[in-house]
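Asks: Sequence:
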Amino acid sequence: MSKKTAYLPITQPNGNLVDKKSGELLPVTYFPGRPLQYRFDASRGIFNIRGETVLTKPREAFEVIPVAYRIFADNILGVGMKKWAEFFFLNEERQLCNLLLHGYSVQNLMQVVADHMFYDNVKLTEVRLKITPVQKESKSPGAEGKKYHIASFDYERIPPEEVATLQNAVKGLQIWREDTNTGAGETQFAENYSPPVFEEAPEGAAFHALGGE
1 MSKKTAYLPI TQPNGNLVDK KSGELLPVTY FPGRPLQYRF DASRGIFNIR GETVLTKPRE
61 AFEVIPVAYR IFADNILGVG MKKWAEFFFL NEERQLCNLL LHGYSVQNLM QVVADHMFYD
121 NVKLTEVRLK ITPVQKESKS PGAEGKKYHI ASFDYERIPP EEVATLQNAV KGLQIWREDT
181 NTGAGETQFA ENYSPPVFEE APEGAAFHAL GGE
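Counting in the working numbering, the sequence shown runs without a single skipped number right up to 213 at its last residue.
Wrong hints could be hidden among the right ones.
[What the hints assert, rightly or not] Computed list of lysine-lysine pairs in DSS-like fashion (alpha-carbon distance at most 27 Å, straight line):
1. K171 - K57
2. K20 - K136
3. K147 - K130
4. K83 - K4
5. K136 - K83
6. K139 - K83
7. K147 - K136
8. K146 - K130
9. K83 - K20
10. K57 - K146
11. K57 - K147
12. K130 - K83
13. K82 - K4
14. K146 - K83
15. K139 - K82
16. K20 - K4
17. K171 - K21
18. K83 - K147
19. K82 - K146
20. K82 - K20
21. K82 - K147
22. K136 - K146
23. K136 - K82
24. K171 - K130
25. K130 - K57
Keep in mind the hints are simulated off the structure, nothing from the lab.
Please build the complete structure, drawing on both the sequences and the hints.
Replies: Below, the structure written as structure tokens:
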């Protein structure tokens, strides 16, 4: 397995998570609050690790199976108040990873969830999520003609036994990312997201999982 392949997300769980001799789940590597950061470079339409290791060609689809996620609005990373989607997933090295998206990409995700996944009764943690960069051209004053990319989404339901394997692999982990959790953000949807301390929520407030029951 090449270094690049080893860091691609797990998209066919089971064999790569289970010890072939004992049948037991292999351990996951995760420093609490510091998952391995995967990034979407919207200027080039590629996915990389920490801005260093390029994983895809321009506009090539990138697939993940989320084991946790959060859709939220917050002022993070010094870019002002925005709506964000962060996915947590495992790569072929059994490392817990994070991918953060914002802006129009989040709008596209929510459209797929509301128009399709909800009525298919399936959650983001039960699908192989295909994320494809789509090239756009800016019409903003001063930036006319500048090309950029936003993420479009498609999905494929995975078998229940694969969902169970992934969820068991991360069972007991406190899944979160330290530099995206200010404690002041507004979380719209989340599943299996568990930072050390949640600020006291308004009475009756709760996190809800997207799609499914």
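Asks: Hint compliance check: list the failing hint numbers for this structure, sorted ascending.
Replies: 1, 2, 4, 9, 13 and 20
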